Amino acid sequence: MRCALILSYDGTHFLGSQTQKSSNNTILGNLQKVLSTLSIDSKIIASGRTDKGVHATGQVCHIDLPEFWTDIKKLKKVLNEMLPSSIKVKNIKKVEAKFHARYSAKKRVYRYIIKESKSNPFEANYVTFLDSVDFEAIQKNIKLFIGEHNFSNFKKTGSDTKSNIRVIFSASAYKHKKYIVLNFEANGFLRSQIRLMVGALLKLDASEIISQLNCEKNFKIRPAPCNGLYLSKIKY
Numbered sequence: 001m002r003c004a005l006i007l008s009y010d011g012t013h014f015l016g017s018q019t020q021k022s023s024n025n026t027i028l029g030n031l032q033k034v035l036s037t038l039s040i041d042s043k044i045i046a047s048g049r050t051d052k053g054v055h056a057t058g059q060v061c062h063i064d065l066p067e068f069w070t071d072i073k074k075l076k077k078v079l080n081e082m083l084p085s086s087i088k089v090k091n092i093k094k095v096e097a098k099f100h101a102r103y104s105a106k107k108r109v110y111r112y113i114i115k116e117s118k119s120n121p122f123e124a125n126y127v128t129f130l131d132s133v134d135f136e137a138i139q140k141n142i143k144l145f146i147g148e149h150n151f152s153n154f155k156k157t158g159s160d161t162k163s164n165i166r167v168i169f170s171a172s173a174y175k176h177k178k179y180i181v182l183n184f185e186a187n188g189f190l191r192s193q194i195r196l197m198v199g200a201l202l203k204l205d206a207s208e209i210i211s212q213l214n215c216e217k218n219f220k221i222r223p224a225p226c227n228g229l230y231l232s233k234i235k236y
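Numbering (our numbering), first residue to last: 1 to 236.
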């Protein structure tokens with residue numbers, strides 16, 4: 001029986017989401033370890049990877065359960081009891097055998113959170129603190145990313161991808177108290193693409209962003225910190 005697992009996690013102390021040969025300290029590494037103790041040896045497939053320090057409120061994975069695991073409500077309860085408190089299984093549901101967490105996904109939604117204030121220890125791992133932000137410029141310039149673009153200048157060096165073309169369906173910014181929330185929805189993202197887009201919004205003007213989007217010039221801006229980024233939702 002193929003099942004989809006919806007996960008939320010605090011990525012602060014993990015080395016990203018994907019399993020690694022050198023360390024089990026990843027989101028899927030911890031999940032795979034717990035599943036193995038329950039005699040579930042199916043490989044976990046996630047909708048996509050999140051880097052070290054990045055969080056999720058709606059990561060989706062799929063696994064194939066052995067025949068003796070028919071009670072998925074019980075499985076959810078057991079997993080949440082055994083997993084670290086920073087990883088939570090929000091839901092488990094039966095899906096069609098052809099469902100694939102990564103390849104069946106139509107849209108991916110990410111959120112980036114900035115707080116316009118001095119840093120404090122209680123939120124340091126979850127938002128990016130800035131003394132001052134030109135919100136009006138961000139709200140205007142974020143729309144430049146909407147549409148189909150070649151994001152060659154908005155990916156981490158060394159990324160192994162067949163194509164750098166991605167379609168941004170929506171990109172917006174709004175204020176909530178002292179927080180600035182940036183939302184991006186696309187058919188997919190390159191590695192560190194969102195953090196580099198946010199970095200561009202914080203450092204470049206509109207003409208410079210357009211120039212970098214058109215692959216005319218690469219300003220080599222630094223990616224925004226990982227702690228403000230959240231994988232919010234996967235749409236199928």
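Derived from the structure by calculation, the hints contain no laboratory data.
Because the structure is a prediction, the values reported are computed rather than measured.
Check the hints yourself; a few may be wrong.
Here are the computed lysine-lysine pairs in the DSS-like style, where the Cα-Cα straight-line distance is at most 25 angstroms [as the list claims (entries may be wrong)]: (1) 178 <-> 143; (2) 21 <-> 107; (3) 106 <-> 90; (4) 43 <-> 115; (5) 175 <-> 118; (6) 115 <-> 74; (7) 106 <-> 162; (8) 143 <-> 156; (9) 233 <-> 220.
What follows is a list of derived Cβ distance ranges for each label pair [unchecked claim]: (10) 41 <-> 143: 40 to 48 angstroms; (11) 71 <-> 205: 20 to 28 angstroms; (12) 183 <-> 131: 22 to 30 angstroms; (13) 140 <-> 107: 18 to 26 angstroms; (14) 66 <-> 210: 24 to 32 angstroms.
Glycine included, each C-beta is placed from N, C-alpha and C at the ideal position.
Status of the hints after comparison with the structure:
Distance restraint check for residue 178 and residue 143: the Cα-Cα separation of roughly 22 angstroms lies within the 25 angstroms cut-off, and the hinted pair is therefore satisfied. With a C-alpha separation of about 29 angstroms, the suggested pair residue 21 and residue 107 falls outside the 25 angstroms cut-off, and the hint is violated. With a C-alpha separation of about 21 angstroms, the suggested pairing of residue 106 with residue 90 holds against the 25 angstroms cut-off. A threshold of 25 angstroms between alpha carbons decides the hint, and for residue 43 with residue 115 the separation of about 38 angstroms lies outside it, so the pair is violated.
Proximity of residue 175 to residue 118 is assessed by CA-CA distance (about 17 angstroms); at most 25 angstroms being required, the pair is judged to hold. Under the criterion of a C-alpha separation no larger than 25 angstroms, the hint pairing residue 115 with residue 74 is inconsistent with the structure, at around 39 angstroms. Among the hinted pairs, residue 106 with residue 162 is consistent with the structure: their alpha-carbon atoms are about 18 angstroms apart, no more than 25 angstroms. Simply put, residue 143 and residue 156 have alpha-carbon atoms about 22 angstroms apart, close enough for the 25 angstroms limit, and the pair holds.
Simply put, residue 233 and residue 220 have alpha-carbon atoms about 29 angstroms apart, too far for the 25 angstroms limit, and the pair is violated. The given range of 40 to 48 angstroms is respected by residue 41 and residue 143, whose C-beta atoms sit roughly 46 angstroms from each other. The hinted window of 20 to 28 angstroms between residue 71 and residue 205 is violated, with their beta carbons roughly 57 angstroms apart. One distance hint, 22 to 30 angstroms for the beta-carbon pair residue 183 and residue 131, holds here, with the actual separation near 23 angstroms.
At roughly 24 angstroms, the beta carbons of residue 140 and residue 107 sit within the given window of 18 to 26 angstroms. The given range of 24 to 32 angstroms is broken by residue 66 and residue 210, whose C-beta atoms sit roughly 53 angstroms from each other.
When the structure is compared with the earlier hints, violations turn up for hints 2, 4, 6, 9, 11 and 14 and for no others.
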